[in-house]
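Student: Sequence:
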Amino acid sequence: MDRYAQMFERLDACGEGAFVPFVMLGDPNIDTSLEIVDALVKGGADALELGIPFSDPIADGPTIQKAAIRALKSDVRPPDCFAIIAKIRRQHPQIPIGLLLYSNLVLAPGIDEFYRQASEAGVDSILIADVPIRESGPFSEAAKAHSMHQILIAPPNASDETMARIGELSSGYTYLLGRAGVTGAETAATMPASELINKLKQVGAARPILGFGISKPEQVKDAIAAGAAGAIAGSATVKLIEEHLSDVPAMLQRLTDYVAGMKAGTTHHS
Numbered sequence: 001m002d003r004y005a006q007m008f009e010r011l012d013a014c015g016e017g018a019f020v021p022f023v024m025l026g027d028p029n030i031d032t033s034l035e036i037v038d039a040l041v042k043g044g045a046d047a048l049e050l051g052i053p054f055s056d057p058i059a060d061g062p063t064i065q066k067a068a069i070r071a072l073k074s075d076v077r078p079p080d081c082f083a084i085i086a087k088i089r090r091q092h093p094q095i096p097i098g099l100l101l102y103s104n105l106v107l108a109p110g111i112d113e114f115y116r117q118a119s120e121a122g123v124d125s126i127l128i129a130d131v132p133i134r135e136s137g138p139f140s141e142a143a144k145a146h147s148m149h150q151i152l153i154a155p156p157n158a159s160d161e162t163m164a165r166i167g168e169l170s171s172g173y174t175y176l177l178g179r180a181g182v183t184g185a186e187t188a189a190t191m192p193a194s195e196l197i198n199k200l201k202q203v204g205a206a207r208p209i210l211g212f213g214i215s216k217p218e219q220v221k222d223a224i225a226a227g228a229a230g231a232i233a234g235s236a237t238v239k240l241i242e243e244h245l246s247d248v249p250a251m252l253q254r255l256t257d258y259v260a261g262m263k264a265g266t267t268h269h270s
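Residue numbers (our numbering): 1 to 270.
Hints are not guaranteed to be accurate.
What the hints assert, rightly or not - Below, computed lysine to aspartate or glutamate pairings styled on EDC-like, alpha-carbon distance capped at 16 Å:
{"#": "1", "residue 1": "Lys201", "residue 2": "Asp160"}
{"#": "2", "residue 1": "Lys201", "residue 2": "Glu218"}
{"#": "3", "residue 1": "Lys201", "residue 2": "Glu168"}
{"#": "4", "residue 1": "Lys201", "residue 2": "Glu161"}
Said to hold, decoys possible - Computed beta-carbon distance windows for the label pairs:
{"#": "5", "residue 1": "Ile58", "residue 2": "Thr267", "range": "30 to 40 Å"}
{"#": "6", "residue 1": "Gln202", "residue 2": "Ala264", "range": "29 to 39 Å"}
{"#": "7", "residue 1": "Arg77", "residue 2": "Ala264", "range": "42 to 52 Å"}
{"#": "8", "residue 1": "Ala5", "residue 2": "Lys87", "range": "40 to 50 Å"}
{"#": "9", "residue 1": "Ala264", "residue 2": "Pro79", "range": "30 to 40 Å"}
{"#": "10", "residue 1": "Ala13", "residue 2": "Lys42", "range": "39 to 49 Å"}
Rather than coming from a laboratory, the hints here were simulated on the basis of the structure. Ideal Cβ placement from N, Cα and C applies to all residues, glycine included.
Go ahead and model the full structure; you've got the sequences and the hints to work with.
Tutor: Have a look at this one:
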């Protein structure tokens, strides 16, 4: 059983959903990035969604864009990110690790080579934000070849045809967008998501985790109540890093506390 399946089985037994924080690898530097991930796990993160810094992150709002810029200014490049992930994997052997990134980063070394490196580092899944489902075939094949999941995005305005393709191709989990647009905590996710979640269940898609616009425990609670298997918070998590760049111990404590609060929102019937 792979790590996502193990995670969902464990959470189902506890009556909980998954809370998944996103952070940018190498933000603000490699050493602090490792400490940040430890703080997230300490707070109760069920899985990790990690970014590789990229100069043109078209799906990201200003908060995550700035995180990428900080990492790039620290000369963090994809090989550094794989080295960071390998360390995280050694320290946390059971937690699912997903990458959320852009196609240029995958195409530069070659699709198969990128997936091989990711697999060797300990990555469980890859989501490529700028690859539409109709062009996802080569990436999905590489993921299968290296025993990883290709995570697909279910947008709020998905056609029936798109939903059917998600049902055919998704594995691991489905990244359900709470709203259209770029990432950011400034605009709340559109609730309820129950209609979209029901469609995903009807087409047999991998279990949905709601992202985009999730920043508060109440939103996590709403996502779980709507039938989502969990929630992802990116910009709100990254914002805490940005706000405490001059005081790393305070940053780490705030991140641990934040994740603990968000995780508390995943309990069914809470």
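Student: All hints, please: hold or fail.
Tutor: Now for the hints, and whether the structure bears them out:
no. : hint                        : result
1   : Lys201 x Asp160             : 13 Å, holds
2   : Lys201 x Glu218             : 24 Å, violated
3   : Lys201 x Glu168             : 12 Å, holds
4   : Lys201 x Glu161             : 15 Å, holds
5   : Ile58 x Thr267: 30 to 40 Å  : 35 Å, holds
6   : Gln202 x Ala264: 29 to 39 Å : 31 Å, holds
7   : Arg77 x Ala264: 42 to 52 Å  : 37 Å, violated
8   : Ala5 x Lys87: 40 to 50 Å    : 24 Å, violated
9   : Ala264 x Pro79: 30 to 40 Å  : 37 Å, holds
10  : Ala13 x Lys42: 39 to 49 Å   : 22 Å, violated
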